[in-house]
Amino acid sequence: MDFIQDHLLTLILFSPTFVAFVMVFFPSNEDNLNRWAAFVGSLIPLVFSLVLWFNFDRTQTGFQFEEQAVWYSAINSSYHLGVDGISLPMVLLTTLLTPLSILASFGIKDRVKSYMILFLFLETGMLGVFVALDLLIFFVFYEVGLVPMYFLINQWGSEKGERELWGGMKVSSRLYASFKFMIYTMGASLGLLLAIQMIGAVSGTFDLIELYQSWTALEGTLFGLSIGQVKAIAFWAFAIAFAVKVPVWPFHTWLPDAHTEAPTAGSMILAGVLLKLGAYGFIRLVIPLYPGEAKYYASALAFLAMMAIIFGAFASYGQTDFKRLVAYSSVNHMGFVVLGIAAAAWVASGPNVQDGIIAMNGAVLQMFNHGLSAAGMFFLVGVIYDRTHTRNLNDFGGLFPLVPVYGGILIFTSMASLGLPGLNGFVSEFLVVRGSWPVFTLFTALSMIGLLFTGAYILKGIKQTLHGPLNEKWIGQLSEINSRELWVIAPLMVLMLWLGIWPAWLLGVINQAVTALFG
Amino acid sequence: MQFPILSVIVFTPLVTGILLMFIPGDRKNEIRVAALGAAGFALLLSLWVYFGYNHLAGGYQYVEKYNWLPALGVSYFVGVDGMNAPLVLLTGVVMFTGVLISWGIDDRPREFFAFLFILATGVFGVFVALDMFMLFFFYEIAVFPMYLLIALWGWKVTREYAAMKLTLYLFIGSVVSLVGALAMYFQSGLNTFDMLALEEAGFSTQFQVFWFPFVFLGFAVLGGIFPFHNWSPDGHVAAPTAVSMFHAGVLMKLGAFAALRVGMMLLPEGAQAWMPALIFFALVNVVYGAFIAMVQTDFKYVIGYSSVSHMGLVMLGLATLNKTGFVGAGLQMFSHGVMTALFFAAVGMVYDRAHTREIPKLGGMSKEMPLVAVAFIVGGLVSMGMPGFSGFIAEFPIFMGVWTSGSSPINTNWPYVGWVGPLIAVVAVISIVITASYIMRIVRRVFFGELPAEFHDHIGDVTALDKVALVVLVVIMVSMGWFPRLIAPLVESGVNNVLRLFGGA
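Protein chains in written order, with the working numbering: chain A, 1 to 519; chain B, 1 to 505.
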């Protein structure tokens, strides 16, 4: 038991990889074996993270379950892990969404084994980012998750659709989307890579706990520039890398393509967890490492967040593709996360720090909530796509009588996404708005327009699929949501409701860490 | 007396090569098995050297020294430090996997393996030599069989041209180096070629600055340094698969390593004076090589130019003259060797079945040879410096070294100020995106997509031996990526050994 306690994070982190390695030796034509092995295997990290959740000391600030081991002594980077109240919910979210996504992928028939193995590798990549306390380890996991995602989109993405590139060359949409996803994220993280190299070369360590002290205290000149200039450049290198990942307007254009073309479970993970990596990067790295720059540029960030909220909502409303509509809604919702972070950065260590703490609490909670609702929405779009093979909203209509259970679930999840009081989205968006209103009054007020349109596009989605005149070609064609699919969505619905009614169980943990961050 | 393990490693291939000639040429399977046995033996011994090396003690170990030509001060003097121990292992790995994937060679396999093994002896010899004369001796042994291997077993279209070009480039390079080496020999007045003695010779700064370019560039030609890189893609493409693996995987390291051991370690002040120029040329290698690779349509040329780009990173690491940069260069030599061996093996496997290397004509190979596709993808990820693979472990310290290269003890005559290092790092990092784009293009065009109709009947999966070779290479790259401590402390101790000549670690 002591071993488990001492190495809990390593166990969470690498149990999916271990399962994946074992699966390499499974016969590739036994699809059911591979499906169940992956599903059961992905429950292992979930069990461990529940152990983590219940053993986490809520009264204590700082990192817990820390582990440190030699990794790369030549450049003084160590395998240093730990969780606090901000990363803990993210770990829980990741380990929860992965088995659900794998369960949602049971319909995949093409190369099941490779698909499942990639999915498990992806889980390790995401978890690593959330538990890393070493800058280099953070970067390793941040990048390595791209690879499985690239192949999931590229190989198992939607089969229809073509894109014309410049020069009249035609490629299939999924190739286009996966390439764009990869190049955008990799290109943006080059700046991050350079800045990390620079920090390592200057500080001689990559340990975040040490860097929080030493890097912020650095003074003098560096490379012939003043330290302020160097830090400003490095701040933007970090900020752009994470802004692309979140994504913040105007860096969001990879997202609708990637989300739309990815297989259903890929979209669930992409929206549910991968986008959070960017926001988490802001909270874990940007604000503590560059408090001064973050404060200085906070209003620029808030402006971009406001644009993301407004344009995300408008763009979403304009879509006729159901999946694209949901994809743009991610831009809209993640905008609130960034708005909260920006507000918190602005008032940090000032007299109004309490507003910042509220906004940051809201941002972290919104990350968790959006993870639930976006994964749910993408899954529900996938469910109907599996049956109809179309995502065009104009092809649907009046489906409620045909699939009443599905319809109910869709409305429930949509309402959570919209932010209906009583469900989870409301709590977090309210906190963000409450926190950032005194700080960025204008931006927050304008963001409310976006919120209005959030309601509009959500209702549009519901109306076009479930209500209106029945499109008669689906009579007898459309089957009700099946029990496997119910098992996928049920845990998400329970959590949405529970967080809406009693958010304190999660907010207590978050608040502890957020207060410590600004205390 | 201890077991002379290095000599056994060096001469096992040569002796095997000679013994092979006594097997009747038509008993091809016996020849192959004998070759594999010898390669496996050399691999085991090099593993022993690698894991037996005590990196806490550092310095040269497994040293053997015998007089050879006492009148001229030539001795047979070999030993390993943390810098060349990984390279010895690399040679063992490439030799073993090279024999595995050459199983299918049906045209005079006896002579093929004999020449390949003579080449291997030369390579092992250069890596372990501590006597300058020995180093040149083995260096020429390594270059000569290359000519025959390419000219006789190479790609019919360009083999004579490429073999001639390669040999001329390398011979001219080695002659230039030899001139510099002789200058050192006479200047020192010690009447010895012993490099450990020459390190202490105390050459004047003027002498070092004058002769450094000769010695360094002569060897760096083999390392593919711009603008003398142009023999290498032609050579790679024309060579048969196993020879390409050797060539790009090991031989180019020979150049970089000899440039380090003879050029930088014996003439450290010369290296410091020329450092900005070295950085510049290496930077051109890195970025220009990547751009050229991007526009190739021949699968093998893409890999050939990617080697130019990656060897540029080795040079860049060496040129930083600081600890992190050197560590990176040492790791990159190993990582690139394994990676490019894998690449050429995969290219060879595709070519053997499709009989074309034109990227637009290929497609869908992952359906027929899934393991090759996976292995190539892993190699590609290493190549683009993806974290979690060996390439990242190697490239990261190189770039870190570049950041602080401005604060190295450099000659103040050069316009090299603090922000130049960062600028170079920024430019060099661009190569990562370019590499990613050409690798992804190959993966998509060659391994995925539709299998062209003309291949439907005659494309099959690779043999079990091929798979063993690929798996060995992949396992090395992944384990190095996740467990850098398997290799980094060793290289670090080797770097300390180098840095003592640059005024302390």
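Derived from the structure by calculation, the hints contain no laboratory data. Cβ atoms here follow ideal geometry from the backbone N, Cα and C, with glycine treated the same way. A few of these clues could be false.
[Unchecked claim] Partner residues aside, some chain A positions facing chain B, computed with beta carbon under 7 Å:
1. A69
2. V144
3. Y184
4. A188
5. L190
6. L194
7. Q197
8. A217
9. L218
10. E219
11. F223
12. I227
Should the interface hint for V144(A) be scored as holding, given a Cβ-Cβ cut-off of 7 Å against chain B? Holds, because the Cβ-Cβ distance from V144(A) to chain B comes to roughly 4 Å (cut-off 7 Å).
Against chain B, is A69(A) within 7 Å by beta-carbon distance? violated (10 Å)
Interface hint for A217(A), Cβ within 7 Å of any Cβ on chain B: Result: violated, 20 Å to nearest chain B Cβ.
With chain B as the partner, please determine if L194(A) meets the hint condition of a C-beta pair closer than 7 Å. It holds, given that the least Cβ distance between L194(A) and chain B is near 6 Å, below 7 Å.
For the hint on Q197(A), just tell me whether its beta-carbon gets within less than 7 Å of chain B. holds (5 Å)
Evaluation of the interface hint that places Y184(A) against chain B, nearest CB under 7 Å: Violated. Min distance 11 Å.
At a threshold of 7 Å, is the proposed contact between F223(A) and chain B supported by beta-carbon distances? Holds - the Cβ of F223(A) comes within 7 Å of chain B, reaching about 4 Å at its closest.
Does I227(A) pass the interface check with chain B, least Cβ-Cβ distance below 7 Å? violated (12 Å)
Hinted contact E219(A) with chain B - closest CB pair below 7 Å: violated (16 Å)
Interface hint check: A188(A), Cβ to nearest Cβ on chain B, cutoff 7 Å. Holds or violated? The hint is violated - A188(A) has no Cβ within 7 Å of chain B, the shortest such distance being about 10 Å.
Does the interface hint hold: is L190(A) within less than 7 Å of chain B, judged Cβ to Cβ? holds (5 Å)
Regarding the hint that L218(A) lies at the interface with chain B, is the smallest CB-CB distance below 7 Å? Cβ of L218(A) sits 15 Å from chain B, so the hint is violated.
Of the hints listed earlier, those the structure fails to meet are numbers 1, 3, 4, 8, 9, 10, 12, in rising order.
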